[in-house]
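All chains, full assembly: derive it from the sequences and hints.
Number of protein chains: 2
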Amino acid sequence: MQKPTLPKGTRDFGPEQMRKRLFIFDTIRQTFQRFGFQPLETPSMENLSVLMGKYGDEGDQLLFKILNSGDFAAHLTEADLQSGSKKITPKIAEKGLRYDLTVPFARYVVMNRNSLTLPFKRYQMQPVWRADRPQKGRYREFYQCDADVVGTDSLLCEAEIVLMIHEVFRNLGVADFTLKINNRKILAGIAEVIGAPGQEGALSVAIDKLDKIGKEKVLDELRERGFSEEAIVKLEPMFESGDTDESSIIGKLKTWLAGSDTATQGITELEQTLQLVEQYGLADSNVEIDPTLARGLSYYTGAIFEVKANGVSIGSVSGGGRYDNLTGAFGMPGLSGVGISFGVDRIYDVMDELNLFPASAGQGTQVLIIPFDAEARSVALPLLSTLRSAGIAAEAYPDLAKVKKMLDYANAKAIPFVVLIGSEEVQTGLLTLKNMVTGEQQKVAADALMQIVLA
Amino acid sequence: MQKPTLPKGTRDFGPEQMRKRLFIFDTIRQTFQRFGFQPLETPSMENLSVLMGKYGDEGDQLLFKILNSGDFAAHLTEADLQSGSKKITPKIAEKGLRYDLTVPFARYVVMNRNSLTLPFKRYQMQPVWRADRPQKGRYREFYQCDADVVGTDSLLCEAEIVLMIHEVFRNLGVADFTLKINNRKILAGIAEVIGAPGQEGALSVAIDKLDKIGKEKVLDELRERGFSEEAIVKLEPMFESGDTDESSIIGKLKTWLAGSDTATQGITELEQTLQLVEQYGLADSNVEIDPTLARGLSYYTGAIFEVKANGVSIGSVSGGGRYDNLTGAFGMPGLSGVGISFGVDRIYDVMDELNLFPASAGQGTQVLIIPFDAEARSVALPLLSTLRSAGIAAEAYPDLAKVKKMLDYANAKAIPFVVLIGSEEVQTGLLTLKNMVTGEQQKVAADALMQIVLA
Numbered sequence: 001m002q003k004p005t006l007p008k009g010t011r012d013f014g015p016e017q018m019r020k021r022l023f024i025f026d027t028i029r030q031t032f033q034r035f036g037f038q039p040l041e042t043p044s045m046e047n048l049s050v051l052m053g054k055y056g057d058e059g060d061q062l063l064f065k066i067l068n069s070g071d072f073a074a075h076l077t078e079a080d081l082q083s084g085s086k087k088i089t090p091k092i093a094e095k096g097l098r099y100d101l102t103v104p105f106a107r108y109v110v111m112n113r114n115s116l117t118l119p120f121k122r123y124q125m126q127p128v129w130r131a132d133r134p135q136k137g138r139y140r141e142f143y144q145c146d147a148d149v150v151g152t153d154s155l156l157c158e159a160e161i162v163l164m165i166h167e168v169f170r171n172l173g174v175a176d177f178t179l180k181i182n183n184r185k186i187l188a189g190i191a192e193v194i195g196a197p198g199q200e201g202a203l204s205v206a207i208d209k210l211d212k213i214g215k216e217k218v219l220d221e222l223r224e225r226g227f228s229e230e231a232i233v234k235l236e237p238m239f240e241s242g243d244t245d246e247s248s249i250i251g252k253l254k255t256w257l258a259g260s261d262t263a264t265q266g267i268t269e270l271e272q273t274l275q276l277v278e279q280y281g282l283a284d285s286n287v288e289i290d291p292t293l294a295r296g297l298s299y300y301t302g303a304i305f306e307v308k309a310n311g312v313s314i315g316s317v318s319g320g321g322r323y324d325n326l327t328g329a330f331g332m333p334g335l336s337g338v339g340i341s342f343g344v345d346r347i348y349d350v351m352d353e354l355n356l357f358p359a360s361a362g363q364g365t366q367v368l369i370i371p372f373d374a375e376a377r378s379v380a381l382p383l384l385s386t387l388r389s390a391g392i393a394a395e396a397y398p399d400l401a402k403v404k405k406m407l408d409y410a411n412a413k414a415i416p417f418v419v420l421i422g423s424e425e426v427q428t429g430l431l432t433l434k435n436m437v438t439g440e441q442q443k444v445a446a447d448a449l450m451q452i453v454l455a
Numbered sequence: 001m002q003k004p005t006l007p008k009g010t011r012d013f014g015p016e017q018m019r020k021r022l023f024i025f026d027t028i029r030q031t032f033q034r035f036g037f038q039p040l041e042t043p044s045m046e047n048l049s050v051l052m053g054k055y056g057d058e059g060d061q062l063l064f065k066i067l068n069s070g071d072f073a074a075h076l077t078e079a080d081l082q083s084g085s086k087k088i089t090p091k092i093a094e095k096g097l098r099y100d101l102t103v104p105f106a107r108y109v110v111m112n113r114n115s116l117t118l119p120f121k122r123y124q125m126q127p128v129w130r131a132d133r134p135q136k137g138r139y140r141e142f143y144q145c146d147a148d149v150v151g152t153d154s155l156l157c158e159a160e161i162v163l164m165i166h167e168v169f170r171n172l173g174v175a176d177f178t179l180k181i182n183n184r185k186i187l188a189g190i191a192e193v194i195g196a197p198g199q200e201g202a203l204s205v206a207i208d209k210l211d212k213i214g215k216e217k218v219l220d221e222l223r224e225r226g227f228s229e230e231a232i233v234k235l236e237p238m239f240e241s242g243d244t245d246e247s248s249i250i251g252k253l254k255t256w257l258a259g260s261d262t263a264t265q266g267i268t269e270l271e272q273t274l275q276l277v278e279q280y281g282l283a284d285s286n287v288e289i290d291p292t293l294a295r296g297l298s299y300y301t302g303a304i305f306e307v308k309a310n311g312v313s314i315g316s317v318s319g320g321g322r323y324d325n326l327t328g329a330f331g332m333p334g335l336s337g338v339g340i341s342f343g344v345d346r347i348y349d350v351m352d353e354l355n356l357f358p359a360s361a362g363q364g365t366q367v368l369i370i371p372f373d374a375e376a377r378s379v380a381l382p383l384l385s386t387l388r389s390a391g392i393a394a395e396a397y398p399d400l401a402k403v404k405k406m407l408d409y410a411n412a413k414a415i416p417f418v419v420l421i422g423s424e425e426v427q428t429g430l431l432t433l434k435n436m437v438t439g440e441q442q443k444v445a446a447d448a449l450m451q452i453v454l455a
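Here the protein sequences line up with chains V and W, keeping their order.
In terms of this note's numbering, the first sequence opens at residue 1 and continues consecutively.
In terms of this note's numbering, the second sequence opens at residue 1 and continues consecutively.
Just to be clear, a hint being listed does not mean it is correct.
Stretch-level coverage of chain V by chain W, calculated; a stretch enters the list once three of its residues show a Cβ under 8 Å from a Cβ in chain W [claimed, not checked]:
#1 43-49
#2 66-72
A few chain V residues that don't get close to chain W, going by computed Cβ distances all over 10 Å [claimed, not checked]:
#3 G173
#4 V174
#5 E230
#6 S298
#7 N325
#8 L354
#9 E424
#10 T438
#11 A448
#12 L454
FYI, nobody ran anything at the bench for these hints, they're computed from the structure.
All C-beta atoms in this analysis are idealised placements derived from N, C-alpha and C, irrespective of residue type, glycine included.
So this is what it looks like as structure tokens:
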């Protein structure tokens with residue numbers, strides 16, 4: 001018999017990993033809710049007519065398509081075969097797995113436009129699927145945790161996202177992170193002032209790689225993309241670093257980009273957003289203005305955000321921005337919104353590498369009861385009920401086995417307390433409590449046992 | 001432009017539904033954990049070699065298959081086309097969406113056999129997909145919530161499941177339910193004593209329909225399935241109802257089935273399970289022995305469970321049983337286990353119909369702050385931070401709009417408290433708090449506001 005395997009690029013999450021992942025999910029969910037975002041879930045499959053054409057040609061290729069049920073090949077002809085896989089696909093597959101949470105969200109908004117009250121704040125935490133080549137840190141199934149507000153262009157929403165990012169990472173215990181912020185209008189203005197108006201897309205794609213390939217290679221790429229030497233010289237102020245002080249960065253941008261109304265508007269938006277953030281009384285802001293921050297997605301039109309954890313070489317753990325036309329592709333133009341996405345897999349890697357998971361995030365069963373014989377169960381089972389009623393995760397070893405085997409079980413599950421019940425315990429009513437961490441063993445009454453476990 | 005649609009048999013879950021669903025998920029998860037079950041998640045897609053042949057021919061048909069990426073049709077020939085869809089499928093699809101949580105669990109156990117400590121108690125709460133014909137209450141994507149323990153045949157596990165079922169439904173607030181329990185060995189013994197040994201499968205399939213089609217039609221079906229009139233006459237004691245007292249039902253079964261060792265063993269197991277349940281001190285047990293309870297799945301070999309909510313005509317909301325050979329299909333025979341599955345969609349329907357959701361399960365944002373102008377934000381934003389630090393879900397209306405529109409927003413989101421902040425409030429520091437349920441409006445300081453909201 002063949003040994004079963006997993007599809008490449010997919011993973012099982014065993015108990016220890018799952019408990020840590022659940023800690024991350026719960027923390028993000030609670031923060032989203034505390035900020036007034038409401039939960040939404042959409043189906044894993046969407047009609048391909050909804051998904052196709054939304055992620056570019058490459059995206060279309062990376063969609064997992066689902067074979068139609070029944071006799072899907074009934075109408076396939078030899079001519080179809082010769083036309084190739086790409087032409088055959090729409091004839092045998094009408095559904096695909098969602099590629100992100102944004103397009104399903106847009107579809108939901110359009111389908112429910114008459115019953116939704118705007119502004120609509122929703123969060124969504126579900127897996128997405130991409131038929132990408134699997135590699136370290138890149139999977140074919142992974143979770144996205146998105147929060148978006150649509151139907152308003154108030155900068156208060158940008159400020160809220162800055163606040164929420166701080167809240168999420170503080171609640172997770174990831175204190176040392178940098179939240180980079182920029183505005184697409186500033187990038188558009190830069191394109192204008194260097195004499196390449198409208199080229200901010202190409203500019204963004206190249207600049208996006210600054211962290212990875214360095215300034216010189218970015219400039220080479222810009223040359224390849226047709227930017228003139230004059231434009232490249234004019235771009236110099238962009239790479240001038242040194243300032244971390246917000247007001248001096250903003251001051252320099254204002255001077256450099258004074259010729260562009262678009263840039264000036266973007267700078268004003270950035271300034272106002274940061275002023276609003278200040279009004280919340282946010283202590284120890286981790287915000288950094290970065291005029292080179294581009295982020296790949298072309299649909300951003302205003303603020304853009306990116307979060308990296310410091311002290312680890314793991315890419316961004318969160319990112320987002322403002323867009324002006326979420327639902328345009330579905331015939332509902334002009335709906336502005338701003339959103340943020342948290343990458344659970346990378347956050348997990350950061351917290352694991354920096355040892356940031358609290359002990360409670362790994363805790364499963366707290367008490368294992370070991371009854372030595374059938375009679376001992378008359379004491380063990382009511383005790384189980386009592387412990388559970390007090391909210392304590394507890395279980396009894398189900399079989400009559402050797403003590404060593406049962407203690408090994410407790411150790412394997414990292415259960416901190418074991419209660420041993422034999423004939424002596426049944427007679428005296430005093431239980432033997434073993435602390436599996438210290439090895440200490442003591443005789444206690446049920447009441448005292450509860451106190452010790454709950455402490 | 002075409003209006004976007006959902007694939008048939010799938011659903012969006014909007015905010016109100018989602019909050020209620022999350023209440024169900026959280027309650028089940030907490031109960032599972034309190035009973036010592038550990039979380040597991042497996043990928044949505046499995047290799048078809050893992051899934052096929054595990055659910056019968058019909059199941060194989062109902063699997064959603066995923067089209068291979070890239071040039072999947074490159075090696076398809078005209079001969080393939082003529083051989084039909086069923087023969088083409090394995091050439092163009094090697095993965096499928098999971099059909100239940102049991103087969104992925106078995107696959108996980110086999111793949112991790114060397115690192116798992118037995119007995120292994122896991123729970124899993126994930127969606128499954130079936131290409132079934134959609135109809136009322138039947139969807140193509142739905143959640144299963146399973147808890148299983150494998151690697152032990154201790155009846156304590158059966159007792160734990162009975163306890164856990166009571167705990168889940170009590171924690172959900174579904175007090176009025178019936179937990180039917182039976183044992184497959186009793187059904188096997190019945191087949192023996194009526195002179196149809198080994199026919200318990202066919203017997204089960206027919207008897208499974210007793211609730212739906214009644215006794216006479218069940219007997220007709222048995223005749224069609226080749227059961228003799230003599231066998232059918234001998235089956236009569238099975239339909240004798242009237243007893244609800246456990247010990248008298250068990251007494252009668254013992255007498256009727258005394259000639260079958262298998263049945264006697266099943267009755268003993270049932271008896272011992274119920275004795276264990278009693279030892280826990282379970283008050284108001286909702287357990288009912290039902291010798292006609294069959295449940296469809298052929299892999300059950302011992303106890304079987306089924307839960308129905310009373311007062312609604314919705315099918316079973318939970319079911320499970322013991323099996324002897326979970327992992328046999330993957331080359332690891334003899335692993336016994338017992339499991340239970342909770343159907344979230346049906347539980348939702350029951351709770352919705354009987355109005356059992358607690359108010360807190362629907363609660364989103366608790367406080368909406370309405371700043372009347374930019375200046376008011378200097379009071380509104382710090383207040384937002386204070387409320388959220390106290391764990392209160394709060395948001396500010398982001399735009400400057402008409403008061404009516406903003407109050408409508410609060411009502412649409414069912415936000416119980418609104419804080420109005422204008423120039424007067426900024427000057428005096430006293431806030432206007434409006435209770436959206438009673439309509440009452442009062443001036444309060446921030447401290448007092450917190451007390452009222454938290455009350």
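Outcome of the hint check:
1. 43-49: holds (count 6)
2. 66-72: holds (count 6)
3. G173: Answer for V/G173: holds, closest chain W Cβ roughly 17 Å.
4. V174: 18 Å, holds
5. E230: With a cut-off of 10 Å, V/E230 remains clear of chain W, as the shortest Cβ separation is near 42 Å.
6. S298: Given that every Cβ of chain W is farther than 10 Å from that of V/S298, nearest at about 20 Å, it holds.
7. N325: 14 Å, holds
8. L354: Given that every Cβ of chain W is farther than 10 Å from that of V/L354, nearest at about 23 Å, it holds.
9. E424: 19 Å, holds
10. T438: 22 Å, holds
11. A448: 20 Å, holds
12. L454: 14 Å, holds
Checked against the numbered hints above, the structure breaks none of them.
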